[in-house]
Amino acid sequence: MAGSSVSVDISQAMTTAAIPAGDWLVVAPTLITILGGSLCLMLRKNTDLQPKIGIGFLALLVLANLALLIRVLDHGVITMVMGSWLPPFGIAFTVDTLGVTLSMIGSIVAFCAGVFGVATVDSTGRRYGFYPFLLLLMTGVSGAFLTGDIFNLYVWFEVLLISSYGLLILGNDRIQLDGAVKYGVLNLVATNLFLIATGLLYGIFGTLNMADIAMKVAALENPASGTLATVAALYFLAFAMKAAAFPVNFWLPASYHTPNVVVSAVFAGLLTKVGVYALIRVFVLLLPASRGYMSDVVAAVAIATLLTGALGALAQSEVRRLLGYVVIAGIGSMLAGISVGSTLALSGAIFYAVHSIIVMTALYMVSGIMCMMGGSYDLRKLGGLYQKSAAFAGVFLVLGFAVSGLPPFSGFWPKVILVDAAFSDGRAWLGAAILVSGFLVTLAMGRIWIFAFWRGGPEGTPDGEAAPSADGSAIQLTGGAVWLPLGILTALVVYFGLQPEWMIELSTRGAGGIVEPFGYLRSVFGEQG
Amino acid sequence: METGVVIMIGLFFTVAVYLMLSTQLVRILLGIAILGNAVNMLIFTNGRLTREDPPLIPPDLYVPDVATANPLPQALVLTAIVISFSFFAFLLVLAFRAYQELGTDGVNEMRLAEPEHDQTPPQGY
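These protein sequence lines are chains F and B, in that order. Per the working numbering, the first sequence starts with residue 1, numbered consecutively. Per the working numbering, the second sequence starts with residue 1, numbered consecutively.
What the hints contain is simulated information worked out from the structure, not anything from laboratory work. It is possible that some hints are incorrect.
Reference listing, derived: stretches of chain F covered by chain B, where coverage requires no fewer than 3 residues with Cβ under 8 Å from a Cβ of chain B [to be verified]:
1) 170-179
2) 185-199
3) 307-319
4) 362-369
Where is the CB? At the ideal position from N, CA and C, for every residue including glycine.
Kindly generate the complete structure, drawing on both the sequences and the hints.
Next comes the structure, spelled out in structure tokens:
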């Protein structure tokens, strides 16, 4: 480099110090899942070995996320940059409490789904790649929760989207092709909208690093300008589509009941919540001013989503489609939290997301077991499940209470926080909508309880007569693989209901970390940030 | 030059939206392909358009002394092209399979997942 007219201090642009060993945990979730996914793909034809490897790697993922959570709680926000280039030049993985909490819960749900898949995915489904797709889906989900770069968020969205396509058409039924067309086209349009907004944001600020954007927005004289408003509106539409908020929610009930039930369970648990996470990230961290003047729009969308979800659930007779609408109702509650936007409301939204990930996965698993026992997903043809297994009926009751937001289970506390936040912010309508929606969901869940569990037999049989047993083609219940994951998830629902302090503290820290992102910015830019 | 490209991007978006509002799956997919290209051009334009300036810095300098193209949008667009092309390929195969299995490419006739005459849930027993 002789003859250089300018001397440049390279340490300004690159990390020169060695990265602490513990910080390598940041990339562990994506590495583990991508390794496990490729390994399972190589052993595609060995259908006996695949589940063991898949579940092993998912267990590793849970452990890695747990270690990462502990490290983030100890050390605050962790940043790791790729290729030693410092932000804004290098791509950063920035892990804060919000991201790692959701990543942690997501990996637990994926592990449960992996175990549940042993019982419900036959060898054909395994040969078509259930475990590789599940692991690669988790690569996308973990990456989306942990990245600190808005363009990488888009890339991780695509990774999870392409894996979800693979999972959705596993089995190649006619109804699945129909559902996949709607799911595929609408989700691709949503990610393209996301990319448009990101392109415009890059044009305005010349950077893609989230912390850098947040700083540049804060330094603007007029952060509520029309250009930024356009970007914010595009982001809102894109992520609302991902999260299935009204009025762009109709792809969800059209597709979520078509795949294998364990696939529905993972989708219902994770995918919409990634959209909500991205919405929180963009609206609170990146464009806080836009959230301020868009909060009325978000509130209206939240109320409409709450009510469409709950009313739609009441109008269904197919259990899985009913649950699809219950997912939508839950999204409304989280949007309500984003609309209010105080630390309290956001902590409620984060807690609700955690609760919803767990309870929706568990409920779809329950619907699968109901079909195994009763031979159908139709409420008209179900009946007498209480007589077959009282313990299973109890599990359903626990989950039904939780998803309706009744005490003493996990749905109660986030609803209390959200309603409290809405009322103290002077938005009584929003609080009322959450309560009404909770009441209607209670009715819908009560309907499943009455028709599938409580009455003696299916429609047309005299009451008290047991339902005809499932025909031979139905999948047989194979002990642990079915009950272990459901047990874990139900235990979590009960635990978060009875001991909410831990989770409340975690979500309050997560919300605080993005409302006042000093820790986030300092982690990315060092002390001067 | 930007103005011309911007007008073209607007045209692309218009065509894409028009095609996506159609009820035939093939036309919707063509709309999506055009939408992807419109988005790529949008990112490219947002990163400053320059003619005949390579994104290179002479080897003996740290800071460019002549006009250089911004290399980052090129990297972003490259990623986006790969992704949107692979998704388009997947959706094309999916649409073809759906046409084979369902015997139609009109989205209004694809009512398997959501039957047209859906029964209301049971009211009592």
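Here is how each hint holds up against the structure:
A count of 6 residues in the stretch 170-179 of chain F with a Cβ less than 8 Å from any Cβ of chain B is obtained; the coverage claim is therefore met, three being the minimum. Here the stretch 185-199 of chain F counts 8 residues with a CB under 8 Å from a CB of chain B, which clears the bar of 3, and the coverage holds. Given as covered by chain B, the stretch 307-319 of chain F passes the check, having 4 residues with a CB less than 8 Å from a CB of that chain where 3 are the minimum. For the stretch 362-369 of chain F, the proposed coverage by chain B is not satisfied: 0 residues have a C-beta within less than 8 Å of a C-beta in that chain, short of the threshold of three.
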